[in-house]
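Since chain A is already given, all that's left is putting chains B and C on it; use the hints.
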Amino acid sequence: MASREVFWNISYGYLVYVLAVIALTIWLFNFYRRYQLWRQGRPDERFQELGKRIGVFFQTTIVDVFAHRKFLRQPFSGIMHLAIFWGFLILLLASAVDAISYYSGYHLKGSLYLWFSLISDLGGFLILAGILMAALRRYLWRPKSLNTFLDDGIILGSIGAIILTGYMVEGLRQAATEIIPHPDWAVWSPGGWVFAKMFIEMGEEALRFWHKFLWWFHSALTLGAILYSGLAFSKLQHIIVSPLNIFFRSLGPVGSPLPIDIEKAEILGVGEIKDFTWKQLLDLDACTNCGRCEDVCPAWETGKPLSPRKLIQDLKGHMIHISSNKGPASENPSPLIGEAPNEAEIWSCTTCAACQEACPVYVEHILKIIDLRRHLVLAQNKMPESAQLMLRNMQMRGHPWAGAQSLRLRGDWTTHLDLKILAEGDQINTLFWVGCTGALVDRNVEVTTAITRVLKEGGVDFGVLGEAETCCGDPARRAGYEFQFQIMAEQNIEMFKHHHIQKIITSCPHCYNILKNEYPKYGGQFKVVHYTQLLWELIQEGRLNLTQEFDSTFTYHDPCYLGRYNGIYQEPRQILKVIPKAKLVEMGRSREKSFCCGGGGGHMWIEEQPGTVKISQRRMEEVLKTGVERVITTCPYCLQMFEENIEHKEALKAEDLIEVVEKAMRPH
Amino acid sequence: MHTIVCVKQVPDPEIPPAKFKIDPESKKVIPPPGVPPVISVYDERALEAACRLKDKHKGKITVISLGSEKATDVVRHAISMGADDGYVLSDGAFENLDSFATAYVLGKAIEKIGGYDLILCGRQAADWGAGQVGSILAEILGLPVVSLACDVQAEDKKLRVKRILKDGFEVVEAPMPALITVSSEIGLPRLPAGMGLMLARRKQIPIWKAKDIGVDPLELDKSKAHTEITEIFIPKRETQCERITGATPSEAAANLALKIVKLI
Amino acid sequence: MDQQKGVMVLGEISDGKLATITTELLGIGKKLANELGEDLSALLMGGKARGLAQEAIAYGAEKVYIAEDSLFDDYNSDAYTQFVANLCQKVSPSILLIGHTDIGCDLAPRLNGRLRGGLAMDAMELSIDPSTKLLVSTRPIFGGNAYAKVVSRTVRPQMATVRTKVFPPAERDESRQGQIIPIEEKIDPSAIKVNVIERLKEEVEGVKLEDAEVVVSGGHGIGSAQNFEMLWELARLLGGTVGATRRACDEGWVPATRQVGQSGKVVSPKLYIAVALSGAMSHIVGCLGSKWIVAINKDPEANIFNIAHFGIVADYKEILPPLIAKFKELLSAK
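Those protein sequences? They're chains A, B and C, same order as listed. Sequential numbering from 1 applies to the first sequence in our numbering. Sequential numbering from 1001 applies to the second sequence in our numbering. Sequential numbering from 2001 applies to the third sequence in our numbering.
Quick caveat, the hints were computed from the structure, so don't treat them as lab data. Keep in mind that a hint or two might mislead.
[Claimed, not checked] Label pairs and their computed distance ranges (CB to CB):
hint, chain 1, residue 1, chain 2, residue 2, range
1, C, Ile-2192, A, Gly-338, 44 to 50 Å
2, A, Gly-338, B, Gln-1240, 55 to 61 Å
3, C, Ile-2192, B, Lys-1262, 52 to 58 Å
4, B, Asp-1055, C, Val-2196, 23 to 29 Å
5, C, Val-2196, B, Gly-1187, 20 to 26 Å
[To be verified] Listed below are the simulated DSSO-like cross-link pairs for lysine-lysine, each with C-alpha atoms no more than 27 Å apart in a straight line:
hint, chain 1, residue 1, chain 2, residue 2
6, C, Lys-2298, B, Lys-1019
7, B, Lys-1060, A, Lys-264
8, A, Lys-663, A, Lys-581
9, B, Lys-1224, C, Lys-2005
10, C, Lys-2193, B, Lys-1108
11, C, Lys-2291, B, Lys-1166
12, B, Lys-1070, A, Lys-497
13, A, Lys-382, B, Lys-1203
14, C, Lys-2193, B, Lys-1112
15, B, Lys-1070, B, Lys-1019
16, C, Lys-2201, B, Lys-1162
17, B, Lys-1262, C, Lys-2326
By construction, the Cβ of each residue, glycine as well, lies at the ideal position given by its N, Cα and C atoms.
The following block holds chain A by itself, in its conformation from the complex (with noise of 0.2 Å):
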């Protein structure tokens, strides 16, 4: 019967465990010592709707932790790291398996003994594989995303020793013990055999000699790292502080900032490190470094200074410097805003959201820039001068568009429509909210005149706003301008309470994110859908037919409120199915990898760093390689965006998905 001798010939083997205990407990003690940084922060509402989170946290373990789900998005790293995740997660598990037996007496014997040995080596050759997808990843190709540090190196060098020494130490019991009396049991064990193969000439004293020796360095290895890990809070701390950071995920609305008390409020926004909540400083040790959302940052990609990850790992350093004790008051080098991060950087984010999406261990950027915004906006009065004449707009009339007005006036857009406009005292269930952008500027009021036109063919009953709508708030929010948006929601809401509003139909995506997400904190609580939900419902339900050819081809751009905040990707795609001949080609970039076109976070107005590939053109370039006749979207920003990057518009036009709708609902 296939078999081994756990321990073989380690005498006193129990000493592993209480030297284990001894490297745990300091290993604990400097996760305390990290832990009161953590502490230093403010509050933040995580230990809420517990039983929701750990079903949450199950959930992303099994899709994001065992399946790699986000990983895989960069298949070689993904692999490598899967690789290692699961060759140390087999190994964790044989270890167990042989401690078990070894107390219990109950050990494997036959043919599951053979199958145990090897899957326990593959999980040592997965482990092998990933340390050297790494290193050739980090040391040869070294991509510009990566940074590495000395730590990276001990990293791999000590992992790569333990399980080589591990394949040695097994190989030395076969050459002793097996590979001569069972040839056949050895293979079973392919990563020992190997060796075994090697020391089969060495003497019987040798092979004792060293298979204790060895067995020795190899454990003394392992808690080794374990005490590097903690002392040096080594990369290698992911391992406990990603999972802890992901049971600790944000379970709301992506990127929703918390309220700040206009009454009460002491510090506004973050202007020291200590400002941030206690989960914002833990995401800082949750980041491995590992590049994806730089990768991923349209911001970055076309030559701003921000990189995320750079900003997790700049506002990791200042937590470092902030003393745990509570002696003399912590010694401040830096001011958090000056050189890292820097003013630039922080005004350069469209909050797309990508780099949250990207990111494995869930760290969330963004709600970090718009506090620090908060700061420099609301404490400092400090801004780009493009932002500061958005916002001074917004505090005077009520919208960001600055200069629109003597053009056209916010109610002028329904002017000759047949349109249910709302006076004091009307109430009605539906309320058509247009926005800023649909109202104020001529190519969007188009759209906004199209859905109109197709929710009434509909047999939608809404109501409008006209001139009595002011904007949501959402560029005022997304710049720091925090009172600004809440004076704002809070009018806005006591509007619709005032109206009996129930449902809010919304053209543009950011108005659906801040009034569906945000609102309700504030009181406002209502059934809020955009445009493209309630189409494809009507379709659907057979109260709109879209039967004329439309013999094209489009592709779509999903706008990072829709898609990556709100999750909608499909209908815009069904809807576009319907038609007949309409033919869809996907970018490369699409659906939670959509590319940003550059308009949220305020930067419709905001400009771009100077000297600098505009966001807008970068995708506009993507939208031309697929060759198609028509880019559709649904958000006003992203069709501004793209009419203001087609050069000549037989090429190729840009047009709201309800346009196209339209044209196939009727002869054109």
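Okay, now just chains B and C, sitting in the frame of chain A:
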């Protein structure tokens, strides 16, 4: 350092020209509905100048606004930018005053407030734009006056003011107290910031009537007005714009060049 | 009030000569004086006053008051206000005309405050009402969206400031005779509270905005300081200069002295090319006097097309380069 700033609430100048309407009978301008009034552009610049001085020298900013009771909005706006106190001067008797009467009323309010080092006004109101109230006010209060400032600095008990000229600048020195009118070249006014917005929400803004500031109604007698508006009208602009086109933008540009080169 | 008689023009001296605005004010002043049947006088200040007095007479002044004190060579607000106010109180003109210049914009309101007369700033039309014999001044209001007619019934002097090129210069007649009246009044030094420390002339590139025959103006649609280069190129090519709207100046793309409009400069070139500006009234009032207005804007509804003679609806970035190229071709052929 105590600065008093005079601000005026005016109809929003940013409207499509086609929406600008007047009533020739009452000689009044009718703003389009749904467009809230705003703070006069130059007065906001004057406020910005005051805030910059306060940044440097601490002190206090008091704001006064002559207008309807709705003018509390612009006073609140001023407080959110950094002013400490504000008053609205509103009374039936204060309607349709000419520049002299306006300056007189403002002067009375300023006397009541007292203890000032500097008075700042915009160079002209964005609506009627008479451009005189500042200078007349200075005369009434017996203050040195500097007009068209694009930068104001205070050193010791003196003011160093940069003035905008048609082709350059000049720097003048004036003693305190003084009155300065401010032009738009001073730059963008600051965004009302966090703390300011909070303060402005809570602040009580008193409304002063004629009797509160000791205004003699005889001074406001319309029959003694220095200037009188006899008519307002919107000029007809008769130009037919010839649109130049072309198959491509380049062709259109070439056509335009051909047309223009004959004119110069 | 019956003691107030005559039209007085506050003259200005520039580069050793009578300023153009002064010759223009003497022109309209003469017309008003004739309608009233009264005299036209002028006031000249500074060391060069005496030398130019005869010029003023040639342009129509019956009397020229001169203040030769060299203190008046450079404008000082307090000194001028004191002197002119005292003179007006002595001479009692019915109408006082001042240029809407650096001096006038500062002096007129102060004089009005001191003399407690009636003032209309930035008048584009002046006339005498035949029945009331009052001066009727027409001035822009609400950023130029409308005009108002203003009179002063009960006070004197009736004052108005006028921009240059609104009225034509007076006819010059060497043979005219007139009186030169020196005023010896000493300025009370304690009255001078504000002193000029320094004057900085802006380095003006090429032609001065107010004198240019061609002005190429950019608005908010230009987008950046760098993009203004194209406008400079076109302007230089056509022998003109660059102007801008208030918003473009606010953004810092061009210096504030380039601002054309209600609170900037009023220009009346032969050709005004408005690039990527919407045509807000407060800007348009600054260029309405142009002979030919051309607009390039990608918005077909832009207000600028309502006052332009020629227009192209397109993105200026696509128009200017070929426009410049074509001009180069046409002008070199000439």
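Hint-by-hint comparison with the structure:
Look at Ile-2192/C against Gly-338/A: about 48 Å separates their beta carbons, and that is inside 44 to 50 Å. With their beta carbons about 59 Å apart, Gly-338/A and Gln-1240/B fall inside the hinted range of 55 to 61 Å. The beta-carbon spacing between Ile-2192/C and Lys-1262/B, approximately 55 Å, falls within the hinted interval of 52 to 58 Å. A hinted range of 23 to 29 Å holds for the C-beta pair Asp-1055/B and Val-2196/C, which are about 27 Å apart.
Take Val-2196/C and Gly-1187/B: their Cβ atoms lie about 23 Å apart, and the range 20 to 26 Å holds. With a CA separation close to 21 Å, the supplied pair Lys-2298/C and Lys-1019/B stays within the 27 Å bound. For the proposed pair Lys-1060/B and Lys-264/A, the alpha carbon gap of about 24 Å is at most 27 Å, so the pair holds. Restraint check for Lys-663/A and Lys-581/A: satisfied, since their Cα atoms lie roughly 13 Å apart, inside the 27 Å limit.
Among the hinted pairs, Lys-1224/B with Lys-2005/C is consistent with the structure: their alpha-carbon atoms are about 21 Å apart, no more than 27 Å. Distance restraint check for Lys-2193/C and Lys-1108/B: the Cα-Cα separation of roughly 23 Å lies within the 27 Å cut-off, and the hinted pair is therefore satisfied. A C-alpha spacing of about 22 Å is found between Lys-2291/C and Lys-1166/B, which places the hinted pair at or below 27 Å, so the restraint holds. With a CA separation close to 25 Å, the supplied pair Lys-1070/B and Lys-497/A stays within the 27 Å bound.
Only pairs whose Cα atoms come within 27 Å are accepted, and Lys-382/A paired with Lys-1203/B is accepted, the gap being roughly 25 Å. Of the pairs offered as hints, the one joining Lys-2193/C and Lys-1112/B holds, with about 25 Å between alpha carbons and a cut-off of 27 Å not exceeded. Proximity of Lys-1070/B to Lys-1019/B is assessed by CA-CA distance (about 22 Å); at most 27 Å being required, the pair is judged to hold. Under the criterion of a C-alpha separation no larger than 27 Å, the hint pairing Lys-2201/C with Lys-1162/B is consistent with the structure, at around 13 Å.
Between Lys-1262/B and Lys-2326/C the alpha-carbon distance is near 13 Å, which keeps this suggested pair within the 27 Å criterion.
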